[in-house]
Amino acid sequence: MTNGSKRETMQKTLIKLFVISATTAVFAVPAWAKQTGGVFISSEKDNTITVLDGKTWQQVALIKTCKRPRHMQLTPDSARLIVACGDDGRADILDVAKKQMVDRVQLEQGAEIFDLSPDGKTLYFSNEEQAQLSMVNLATKKVVRNVKVGEEPEGVKVTPDGKTIYVTSEVANMVHVIDAAAGKVVKNIEVGKRPRRFALTADGKELWVTNELGASVSIIRTADHSVAATLEFVPKGFRVDDITPVGITMTRDGKTAFVALGRANHVAVVDVATRTVKKFILVGKRPWGLALSRDNLTLYVANGMSDDVSIIDVTRGRALKSVKAGRVPHSVVIDD
Amino acid sequence: MIEPPLSQWHKVIACAALALASLAAQGRELKIAIVFDPDDAHYDAKRLEKNYPGHPLGRPRVGAEVAIGESTFQLDQAGLKVTLQDVPAENVQAAKAKIEALAKQGVRHFLLDLPGVTVAKLAMALRKTDVMLFNVSAPEVTLRRDACSANLFHTLPDEAMTADAMAQFLTSRKWTKVLLLTGAMPADLAQVSAAQKAIKRYGLKLVASKPFKLSNDPRERDLANVTLLTAGIEADVVWVVDADGEFARDVPYHTVLPRPVVGSAGLVAEGWHASWERYGAPQLNRRFKKAANRVMASADWAAWMATKAIIEVALKLPDASQHRRALRNQGIVLDGFKGARLSFRSWDQQLRQPLFLAQGGIGGGIAGVAPFDGFLHPKNNLDTLGTDEKESPCKLTDASGDSGGKK
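Residue numbers (numbering that gives the first Met the number 0), protein chains in the order written: chain B, 0 to 335; chain X, 0 to 406.
Calculated directly from the structure, the hints in this document are not laboratory data. Don't take each hint at face value.
Distance condition first, Cα-Cα at most 35 Å in a straight line; then the derived DSBU-like pairs of lysine-lysine [as the list claims (entries may be wrong)]: (1) X:Lys173 <-> B:Lys44; (2) X:Lys45 <-> B:Lys284; (3) B:Lys192 <-> X:Lys394; (4) B:Lys147 <-> X:Lys288.
Everything numeric in this text was worked out from a predicted model, so none of it was measured.
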C-alpha cells in the first residue's frame, strides 16, 4: 500500500469516526461532548501515536511525532496533548480534537517522563543525561531552572497544590522532594532499587513509587516523607527476579491501585487502604504504561515487548482484548 | 531501603543506621585502590587496536571512575568521599608489598586488573590479611574453583559462565551439532575444557574436535587452513576456542559449508556490550564513552560493578570489616544495568549475572541474553551459568581466611 492510499484510507476512517462521535455527542452525555474519547498510545520505535476509538477500540488515526515519543500528558483543559521525545529532545504538542501537531517545545536529549504544574504553565521533565529536573515555561518555551538530582532521574510527579515535585533517581535509588518555588531539593527519601514512577493517593497523603529492580512499591507518607510500607508482589509461579514493577495508576476515588509488573507480564490490582494485592491480571509482554478511563471501568496497558495494548475490564478483572499499537508502545492517555 | 526477601542484610543496615547518622555529618573517606601490571600484555597498544571481541579494549580503570561519578549524589548525601588510587605492580611480590603498605594506611578495597596467575598468587599471599580483592579482568575458572579465596570476589564472568551461555544459546536455537576448533596455547586449555563441559551439560553433540595452529607453513596446512579444518564435517555450527584471537578472527566465512562461527569470533558471550540498550545501559554506555573515549567492554563493566558494589555496602556500613559479609549476603541486590538482581555466589564469590551473546563486535548486535527461557534452576536461574554450588570444589563461608577449593 502506498502512502497516498494509506492516507486516503485513514481519512475515510477519520470521517467515519467523526460521524460516530457526532452521533454519540448528540445522544450521550453533553458534558463530555468536547472530549474525543480517543485513546492515545505512543510508540517508541515507530515515532507515532496510535489513536483508538475509546468505544470500538478501532484505530482511528496514526500521528507522526518527533523521534522516540514516550510519556504523554493532556493539558489541564484537555485541548492539547504534550508528547515528550527522547531522541529528538523535544516535546510535540498535539491538538487533541484535530489530531494534528500544532506546536513544539525544545527539551533535552533523553527527556522521558514529565508532569505539568496545575495551572498548565510549567512543564517539569527529568533529564536523564544531565541528572537534573528541568523546569520549562511553556509560554516562552525556555528552560527556567535546572535542579540537580541523582543519576538517571525518571518519574516526575507534581502535587495538586503545585508546591512540591517528586522525582525518582534510578541509580541513586532515591525519591527527591523538590520545592517548586525555591527550585531546591529539600529531602531525599531512600526507596527500593531502581525506582521508576509515581502515583499519589486521592487524598494526597500517600505517594506510591514503583521499584523496578526492588520488585516492590514503596509507600511514602507525604506528611513527613517517611517510607510507611513496602508492598511486594508474588504472582503464582513467578520468582522475585521476574517481578519488575514500572507503571502505576490509581482509581479516582483512590481506593484501588494498578501496578504493571514488567517481566512478569501481569498487572497487580492493589487495595490501597489495606495495601494488599487483590488480583493479578495476565496481560502482554513487559507491560509498563497504564491508563484508566474516567469511569474507572477500563484499564489500558501498554505492552512494550509485544507491541500491543491490553484492554482490561476492571470489574471482571481480566483482559478483554489486545490491540496492535506500533513498535514498543510506551504510554497511554485517554481523552475522556 | 527494604528489598525482598527481608534478610540479615537489612538487620545489619538497621544496626548501622544509628552509627551512620552521627558519621554522615563528619564526612568519611573511602579509598579504593586499583592494582595493575604496567607491562600486562593484554593492554599492548597493537593488540588493543585489533578490538578482538571478548578482549579488553583498554584498562578497566575508567569503569571505576564512572561508578564513583554516577554515585556522587548519594555519596554527597552520606558525606562519603570516594577516591581511586593507582597501584602499579610488576609482579606478585611488588603487588603484595604495596597492598600491605596501603592496608596499614586503612585501605581495604583493591580492584585487581592483573593476569589470572598473579591474581591467584596474590590472593594466596594475602589470605591472612583483612583486605578485600576484586578481580575485574581475569576470566580463569580456576580462580573460582581450586584457587578460590575468601578475600577474593569476581565481577567478571568466568570461562565456564561464558561457555554455558553459548551452549544455552545453541540449544535454544537447536543448533546441536558442534565442530570444535581448539587452540593449544596454555590460555586455551581451560577455555577448551569449559566449552567441552558446556557442550556435554546442555546435551549438544560434539561431531568433531580439531586442534588448530597459526601457521603459514604448507607442511602444517591441515592445522592452519580453516577450509581444510572444516572439510567433510557435517556440523550446525563451528565453535572456535582461541584465547589469543588472531586465528579465530579469520574463521568466519572460511568454512567449507556456510555455517555460523561462535566462541572467540562470530557470536561471542560477553559480560557487557555497548549495543545493549535496556535497563539504563545506553546512559551507562554514554557516560563511559565520554570518560574513556571508547566503548565499554566486559572488564570495564566489571570494574564499574565492583566499585558500585563497594559503594553500596560502604554507604550503609562505615566499618569496612563488615563489608565482606555484607557483600556475601544473599539478600543484597546489585544493579548491573542488565535488568536482573545481581549478587555474589556464596560458595565462590563470583557475581551471578546475565551474559550477552554478541555478534559483529563493536557496533554489532546482541543475539540473545543468557540465561535463556526454559533453562531453570531450583534457586536462581542465573546459577545455570557457570559452576553451581554442588559442582564447585570451592566452599567459602562467612568465616574469613578460607582459601583453596579442596577441604
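Check your understanding: Which hint numbers does the structure go against, in order from smallest to largest?
Key -> 2
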